[in-house]
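If you want the building blocks of each chain, they are given just below.
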Amino acid sequence: MIRRLPALLARTGIYWLLLLLLVLASAAIPEFRTPANLANVLTQSAPLAVLAVGQTLVITAGLIDLSVGQLAGLVVVLVCALADGSSAAAVPVVALALLLAAAVGALNGVLSNRLRIDPLILTFGMLSVLQGVIFVWTDRSIGRAPPELLWLANERLLGVPVSLVLVAAVALACGAILRRSRLGLHLAALGGSEESARRVGVPTARVRLAVFTLSGLSAGLAGILIAGRLGTGYPMAGAGYELDAIVAVVLGGTALAGGRGSIAGTLAAVLVLGIVSNALNLLQISAFVQMVAKGLIVIAAILANQPRARTRVVAA
Amino acid sequence: MERRSFLLASAASALVATLGGPARAQTDRAAQERQMNETVDTTKFKKAGPYTVGVSAGYLSNSWVVFCLQHIKYEASRHKEIQNVLVTDAAFNPTKQVADIEDLVSKNVSLILYWPVDEKAIQPALEKAVQRGIPTINTGGGFTYGPGTVSNAFIDQWLLGEMVAKHLAADMGGKGKIFAMLPIAGTTAAVDQLAALKTVLKDHPQMELLTAEHGDWNRAKAKQITENLLQRYPRIDGVFSPAGQMSIGVAEAFEEAGRLKQVIMSPGDEYNGWLKWVQKHRQGGAVTFPTRAGQEALKLGLEVLAGKPVKRGIRIPSEYIAPKDVDKYVEPNRPDDWWASTLPDEWKPS
Chain E
0 MIRRLPALLA RTGIYWLLLL LLVLASAAIP EFRTPANLAN VLTQSAPLAV
50 LAVGQTLVIT AGLIDLSVGQ LAGLVVVLVC ALADGSSAAA VPVVALALLL
100 AAAVGALNGV LSNRLRIDPL ILTFGMLSVL QGVIFVWTDR SIGRAPPELL
150 WLANERLLGV PVSLVLVAAV ALACGAILRR SRLGLHLAAL GGSEESARRV
200 GVPTARVRLA VFTLSGLSAG LAGILIAGRL GTGYPMAGAG YELDAIVAVV
250 LGGTALAGGR GSIAGTLAAV LVLGIVSNAL NLLQISAFVQ MVAKGLIVIA
300 AILANQPRAR TRVVAA
Chain Z
0 MERRSFLLAS AASALVATLG GPARAQTDRA AQERQMNETV DTTKFKKAGP
50 YTVGVSAGYL SNSWVVFCLQ HIKYEASRHK EIQNVLVTDA AFNPTKQVAD
100 IEDLVSKNVS LILYWPVDEK AIQPALEKAV QRGIPTINTG GGFTYGPGTV
150 SNAFIDQWLL GEMVAKHLAA DMGGKGKIFA MLPIAGTTAA VDQLAALKTV
200 LKDHPQMELL TAEHGDWNRA KAKQITENLL QRYPRIDGVF SPAGQMSIGV
250 AEAFEEAGRL KQVIMSPGDE YNGWLKWVQK HRQGGAVTFP TRAGQEALKL
300 GLEVLAGKPV KRGIRIPSEY IAPKDVDKYV EPNRPDDWWA STLPDEWKPS
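Protein chains in written order, with numbering that gives the first Met the number 0: chain E, 0 to 315; chain Z, 0 to 349.
Careful, some of the hints might be misleading.
Said to hold, decoys possible - Covered stretches of chain E (chain Z as the covering partner; in silico rule of three or more C-beta atoms under 8 angstroms from a C-beta of chain Z): (1) 29-38; (2) 196-207; (3) 231-238.
Unchecked claim - A few chain Z residues that don't get close to chain E, going by computed Cβ distances all over 10 angstroms: (4) 36; (5) 120; (6) 123; (7) 184; (8) 255; (9) 343.
None of these hints come from the bench; they were simulated from the model. Just so you know, even glycine gets a beta-carbon here, dropped at the ideal spot from N, CA and C.
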């Protein structure tokens, strides 16, 4: 039992960290523990949560998708420009945006399969393409988000953020894929060893196509939430989200090398990052110190993650 | 298969149809003047001290805003009723600035002063603050009119651009070829300064605007752009550059190309590096972009908290400093990245 303790702590570390932060912040900052502020933290964390859950699937498969931030940004601009505050346009525009996001994800998958380019390079290229498309379109904020998206991203029902429903739906769906579906097994197998996966009959090309498409879709959903948060099509809205998502995934215990992923861990990590940011703000600590704090958390998480990544290759 | 192709084609055509882009509207001067002069009933914001002042900075990695923030803190130190000044920094991320404003509301601050990363993107968050009874004051930058902004202490970029353009035209004798070096594309500063320049040029038909470029308030970028323009245009007689830190980069490029004597620089602003250049070359001068906008914003906010009626916008006037007068403002022993200001020495950034 004692010998297993380090492994147990490492596996559940993110939840202990979350609990510790909740206790410390509640004790040290009276404003932190108010229901309104806790709802704030959840609302602020929702776009990253949706994005990071999608990235969890990608990283479990031993891949990476750097294009998700700019893809979410493209969705923000697209939705606001086309809907321009119209309720009537909300549903068709959101549907179009999600279709586009899934299509861009699928394109990443197709290119990855056909060209055999390292996903890091491929999706970095796609990031640049998407950024370029956004700036060709507009160099300033355009349009307005429909009121329904403002409601979805910002409002509360009985004190609970509405966006939490979307986060829960995405997390449950991705959790089911990862833990209860054949695709989940294939993702873990691909992430463990592509060669071995292929030998046991895993259709690796189809798995890559599926996971990049899902990643694109999750970026689209995150973009919908960001559009609601900002209320306008800001061209740089998605910048940096891809790195935050990767940070959350790794912090949550998913092996960066692939083979093992945890949706619950990712969600806990998103909350840790949200609480750190909120608490440091309430403590009046500068954004630059916040960056340092986030960086240190990431380094610590990767160090904690490393040994297990070398030894374990199983679907969580 | 056909259906899938149709859906993808529909998505692509909808995207292409919108790629034409939105109309590039510029500030409607008459409407802005009317809006600025509106009287705001502030009785619903009236509250007794002690006050906590929240400052939501869109960014702090810029010497102008550092001085502006010092002015806020200095003014706060002069009011016993102000207990604390809380500052958040969004580091150029509007999503973070939205979260920062929500956090300031959670902290139950009495007043929020802000300068935005993107003024439209933070309007919903500001509206929520106003609905919670927390007044919001736009500090510096351009005038903002909307339910999320109770009042503005702003610097009129159009008037500043007009002053700079008029002095440049006078220095050039009303004729010659010029280019404009503007801030980040799409910002109120870039849009209004260019509009003002074009308006002034209508009165000087012998002046020709070769091109308008965006140096993004960046000395190195402005220099690089100018190096390219010097290759492209064999004759450039003048430069419209209201921002001092970009003016230095422009002037350096002309100097290194051996063409500095052929060009007339417009006034820049009271950026210390530019003032040093003006002192050395005795040309150009400055049209101020006063850092005391922060101080005026806090004074305005205190009037709102006292329930006194205020104007929707107060203009912090820019002033012209002629090259011969620049000695009174330049601080030779301070770095280039420094601003001439009315701050007492002990309140200047360390």
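* Which numbered hints turn out to be false for this structure? -> 2, 5, 6 and 7
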